[in-house]
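Chemist: Sequence:
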Amino acid sequence: GAAHIYRAQGKYDKYFENIGNFIKSNGVPAQTKAGYMQELLGSGQFFQTFAPQIDTLMNELYNSNPTDSTITGLSAAYFYQTGQVDKALGVYEAIIEEYPDDMSAAFNLCLIYYYAQDWDNVINCTTTAIQRFEEPLDFLQIRGIAFWQLKEYDSSMEDYLSMLAIAPKDSAVKLNCYTALGDLYHLKGDARQAYKCYDKALRVN
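For the sequence shown, position 119 matches number 99 in our numbering, and the numbering has no gaps at all.
Just so you know, these hints were derived from the structure itself, not from any lab.
On a predicted model such as this, the values are computed, not experimentally measured, just so you know.
Among these hints, one or two may not hold up.
As the list claims (entries may be wrong) - Taking lysine to aspartate or glutamate and the EDC-like style, the derived pairs with C-alpha atoms no more than 16 Å apart in a straight line are:
hint: 1; residue 1: 4; residue 2: 40
hint: 2; residue 1: 67; residue 2: 81
hint: 3; residue 1: 180; residue 2: 150
hint: 4; residue 1: 131; residue 2: 179
hint: 5; residue 1: 154; residue 2: 138
hint: 6; residue 1: 168; residue 2: 138
hint: 7; residue 1: 4; residue 2: 48
hint: 8; residue 1: 154; residue 2: 179
hint: 9; residue 1: 168; residue 2: 132
hint: 10; residue 1: 168; residue 2: 134
hint: 11; residue 1: 67; residue 2: 40
Work out the full structure, taking the sequences as your base and the hints as a guide.
Modeler: So this is what it looks like as C-alpha cells:
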C-alpha cells in the first residue's frame, strides 16, 4: 500500500524501496509476488522508463523463491527476453538439478539452446530428456532439427522415424515427419525416397 501511495505521488525511489521489501518478504506468497511482477512487466511505458529498477526487482524475485515453479518460469522468460540468456539457462539448470523429473523445465532449457542455435547443447539436453521421460516426442523433434542443422541427416531421420513409431496414428506427427523425411532424403540426393515421403505426407493432408 505504501509503495502505491509513493508511486501516485511520483516518489519512485520510495516506491521501489517499498515494493522491493514486498518482493523480498518471506511472508508474501510466491504466486502473489509473481502476479504483481507480471503486471509490472506489462506496464508499457513505466517498464521502459524504469527498466534497471525492474531488473533489480526480478533478480530479487528469483532469489526470494528460486525453486517455486511460478517464479522460476516468469524469471527465466524475463531473463531470456531481456537478453540475459546465461541467467535464463541458469534458472532452468537449477530447477532440473533440484527436480530432475520436471519435464516442463527440461523442455524450456532445450528451447533456450534451440533459439540460441546452440545445436550441440540442444542435442545433449534433448538426449538426456529422451532417456528420462516416457513421452519424448517434443524432444525428438527438437533434436531432429538440431541434427539437421549440423547436416547429420541420418541421425535426424532416425529421430523422425522414432516419432512415427511412438505416435503412428497421430496425423499431425505423421504429416510433420513425412514432410521432414522427404526434405532430408532430398538433401541426401535420394529423390525416389523423397517423393515417397512427400506422397505419404499428402495422403495425410
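Chemist: Does each hint hold? Answer for all of them.
Modeler: Do the hints match the structure? See the list:
About 6 Å separates the Cα atoms of residue 4 and residue 40, which keeps this hinted pair within 16 Å; it holds. With a C-alpha separation of about 21 Å, the suggested pair residue 67 and residue 81 falls outside the 16 Å cut-off, and the hint is violated. Between residue 180 and residue 150 the alpha-carbon distance is near 13 Å, which keeps this suggested pair within the 16 Å criterion. Pair hint residue 131 plus residue 179 does not hold up; C-alpha atoms about 24 Å apart against a cutoff of 16 Å.
For the suggested pair residue 154 and residue 138, the alpha carbons sit about 14 Å apart, so the restraint of at most 16 Å is met. A hinted pair counts as satisfied when its Cα atoms are at most 16 Å apart, and residue 168 with residue 138 qualifies at roughly 14 Å. Annotation: proposed proximity of residue 4 to residue 48 holds, straight-line Cα distance about 14 Å (limit 16 Å). In summary, the hint linking residue 154 to residue 179 is supported, as the alpha carbons are separated by about 12 Å, within the 16 Å threshold.
A C-alpha spacing of about 10 Å is found between residue 168 and residue 132, which places the hinted pair at or below 16 Å, so the restraint holds. As the CA atoms of residue 168 and residue 134 are separated by approximately 9 Å, the hinted pair is consistent with the 16 Å bound. For the hint pairing residue 67 with residue 40, the CA-to-CA distance comes to about 13 Å; that is within 16 Å, so the pair holds.
Figure legend: structure checked against the earlier numbered hints; hints not met, in rising order: 2 and 4.
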